[in-house]
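Novice: Chains as they are written, first to last, in the UniProt record's numbering: chain A, 1 to 72; chain B, 1 to 72; chain C, 1 to 72; chain D, 1 to 72; chain E, 1 to 72.
None of these hints come from the bench; they were simulated from the model. Predicted, not measured: the structure shown is a model, and the values here were computed from it. Where hints are given, some of them may not hold.
What the hints assert, rightly or not - In the SDA-like style, the derived pairs of lysine to any residue whose C-alpha atoms are separated by at most 20 Å in a straight line are: (1) E:11 with E:66; (2) E:11 with D:64; (3) E:11 with D:45.
To be verified - To give an idea of the chain B side of the interface with chain C (calculated C-beta under 10 Å), a few residues: (4) 12; (5) 37; (6) 52; (7) 53; (8) 71.
What the hints assert, rightly or not - Here are some chain A residues pointing at chain D (derived, C-beta under 7 Å): (9) 17; (10) 22; (11) 25; (12) 28; (13) 44.
All residues carry an ideal CB built from backbone N, CA and C; glycine is no exception.
So the chains spell out like this:
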Amino acid sequence: METTIVLAALKLVGYGLSTIGPGVGIGIACYGCCVATARQPELQGRLFTNFIIGAALAEALGLIGFVLTFIV
Amino acid sequence: METTIVLAALKLVGYGLSTIGPGVGIGIACYGCCVATARQPELQGRLFTNFIIGAALAEALGLIGFVLTFIV
Amino acid sequence: METTIVLAALKLVGYGLSTIGPGVGIGIACYGCCVATARQPELQGRLFTNFIIGAALAEALGLIGFVLTFIV
Amino acid sequence: METTIVLAALKLVGYGLSTIGPGVGIGIACYGCCVATARQPELQGRLFTNFIIGAALAEALGLIGFVLTFIV
Amino acid sequence: METTIVLAALKLVGYGLSTIGPGVGIGIACYGCCVATARQPELQGRLFTNFIIGAALAEALGLIGFVLTFIV
Numbered sequence: 001m002e003t004t005i006v007l008a009a010l011k012l013v014g015y016g017l018s019t020i021g022p023g024v025g026i027g028i029a030c031y032g033c034c035v036a037t038a039r040q041p042e043l044q045g046r047l048f049t050n051f052i053i054g055a056a057l058a059e060a061l062g063l064i065g066f067v068l069t070f071i072v
Numbered sequence: 001m002e003t004t005i006v007l008a009a010l011k012l013v014g015y016g017l018s019t020i021g022p023g024v025g026i027g028i029a030c031y032g033c034c035v036a037t038a039r040q041p042e043l044q045g046r047l048f049t050n051f052i053i054g055a056a057l058a059e060a061l062g063l064i065g066f067v068l069t070f071i072v
Numbered sequence: 001m002e003t004t005i006v007l008a009a010l011k012l013v014g015y016g017l018s019t020i021g022p023g024v025g026i027g028i029a030c031y032g033c034c035v036a037t038a039r040q041p042e043l044q045g046r047l048f049t050n051f052i053i054g055a056a057l058a059e060a061l062g063l064i065g066f067v068l069t070f071i072v
Numbered sequence: 001m002e003t004t005i006v007l008a009a010l011k012l013v014g015y016g017l018s019t020i021g022p023g024v025g026i027g028i029a030c031y032g033c034c035v036a037t038a039r040q041p042e043l044q045g046r047l048f049t050n051f052i053i054g055a056a057l058a059e060a061l062g063l064i065g066f067v068l069t070f071i072v
Numbered sequence: 001m002e003t004t005i006v007l008a009a010l011k012l013v014g015y016g017l018s019t020i021g022p023g024v025g026i027g028i029a030c031y032g033c034c035v036a037t038a039r040q041p042e043l044q045g046r047l048f049t050n051f052i053i054g055a056a057l058a059e060a061l062g063l064i065g066f067v068l069t070f071i072v
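Please construct the entire structure, taking both the sequences and the accompanying hints into account.
Specialist: Given below as structure tokens:
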């Protein structure tokens with residue numbers, strides 16, 4: 001029982017670690033998209049597509065960490 | 001009992017870790033939005049939308065860490 | 001008793017961790033707001049609004065960590 | 001049994017660590033791609049190819065960490 | 001037996017640590033390549049070569065960490 005509880009807590013530590021990178025990465029991607037949209041407003045659709053792709057790739061890493069907390 | 005208390009503390013450590021990335025990421029997103037708004041004021045609506053989307057994605061990672069502290 | 005003291009210490013560690021990201025993030029947001037205001041002084045109201053929203057989102061993560069130290 | 005559970009938790013910690021770099025890296029790559037596309041819109045195909053290659057290389061490191069959680 | 005399992009988990013932690021630098025480094029390399037290609041499109045071949053060399057050097061560090069998980 002004791003071990004199970006420690007496991008649950010350590011799982012959360014693991015998930016927390018897995019959000020550091022994606023969190024920062026999505027922010028940087030969004031920043032780049034905004035600055036770029038400002039320079040070339042007529043490209044906003046293309047720039048937004050780039051941003052969503054990059055953000056989805058980073059977000060996936062965080063969501064995998066979320067899924068792992070239930071299957072490990 | 002002892003284990004439960006340690007669990008609660010470790011949960012908080014886990015949540016703390018899960019806020020590092022989102023916190024920084026939201027800041028960077030906001031920074032990009034502000035700079036971009038300054039360059040192209042007429043795009044402020046679009047730039048703000050981009051920022052909110054990026055910030056919401058990062059924020060979600062932190063909120064998941066918050067929810068996890070109660071369900072693990 | 002010993003465990004309670006260790007708990008208090010770990011809680012503080014957890015809260016400390018939860019302030020790293022928001023602290024940095026708010027600083028970056030403020031920086032972006034300042035730079036942007038300098039470039040387009042007539043937009044200072046809008047830029048300040050953006051900054052406050054971004055800072056509030058990041059700050060919320062830190063405050064949740066603060067609240068958690070009492071309810072976990 | 002106890003050791004197995006701790007193992008599972010430590011595996012997740014390991015995966016979490018392995019996503020820090022890729023997460024940030026993909027974000028930076030996406031940012032560079034967006035800014036560059038804004039400067040030279042006629043090169044968007046080439047720039048997007050560069051971004052996908054860089055992102056795939058970084059993503060691979062995270063996915064290897066994901067695979068390792070099952071084979072170690 | 002117990003020691004073997006802990007070893008396997010610690011191996012993964014080690015690999016995770018070894019991906020932080022390469023992941024970020026590849027992203028920065030890709031970013032530099034994109035920006036440079038946008039400035040001097042006629043140099044895209046040379047710039048892409050530079051990027052691949054830099055990315056390969058960084059990737060090698062991560063792959064060495066991968067190999068080490070089996071030979072240590």
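Novice: Can residue 12 of chain B be said to touch chain C, with a Cβ gap under 10 Å?
Specialist: holds (3 Å)
Novice: Between residue 11 of chain E and residue 66 of chain E, is the straight-line Cα distance small enough, at 20 Å or below?
Specialist: holds (9 Å)
Novice: So, as I understand it, the hint says residue 52 of chain B touches chain C; can you test that by seeing if any CB pair is closer than 10 Å?
Specialist: holds (8 Å)
Novice: Using 10 Å as the Cβ threshold, decide whether residue 71 of chain B counts as touching chain C.
Specialist: Because about 13 Å separates residue 71 of chain B from the closest Cβ in chain C, which is outside the 10 Å limit, the hint is violated.
Novice: With a cut-off of 7 Å on the beta carbons, see whether residue 22 of chain A makes it to chain D.
Specialist: With a minimum Cβ separation of about 4 Å from chain D (threshold 7 Å), the hint on residue 22 of chain A holds.
Novice: Answer holds if the nearest beta-carbon of chain D is closer than 7 Å to that of residue 17 of chain A; otherwise answer violated.
Specialist: holds (3 Å)
Novice: Holds or violated: are the alpha carbons of residue 11 of chain E and residue 64 of chain D at most 20 Å from each other?
Specialist: holds (13 Å)
Novice: Restraint: residue 28 of chain A near chain D, CB-CB cut 7 Å. Satisfied or not?
Specialist: Hint holds; residue 28 of chain A Cβ to chain D Cβ min 4 Å, cut 7 Å.
Novice: Does the nearest C-beta of chain C fall within a distance shorter than 10 Å of the C-beta of residue 37 of chain B?
Specialist: holds (6 Å)
Novice: Against chain D, is residue 44 of chain A within 7 Å by beta-carbon distance?
Specialist: For residue 44 of chain A, the interface hint is violated, since the closest Cβ of chain D sits about 10 Å away, which is over 7 Å.
Novice: Please verify that hint: residue 53 of chain B, Cβ, nearest Cβ of chain C, below 10 Å or not.
Specialist: Violated - the Cβ of residue 53 of chain B stays beyond 10 Å from chain C, reaching only about 13 Å at its closest.
Novice: Against chain D, with CB atoms and a cut of 7 Å, does the hint on residue 25 of chain A hold up?
Specialist: At about 3 Å, which falls below the 7 Å cut-off, the nearest Cβ of chain D leaves the hint on residue 25 of chain A intact, so it holds.
Violated hints, in rising order: 3, 7, 8 and 13; the structure is consistent with all others.
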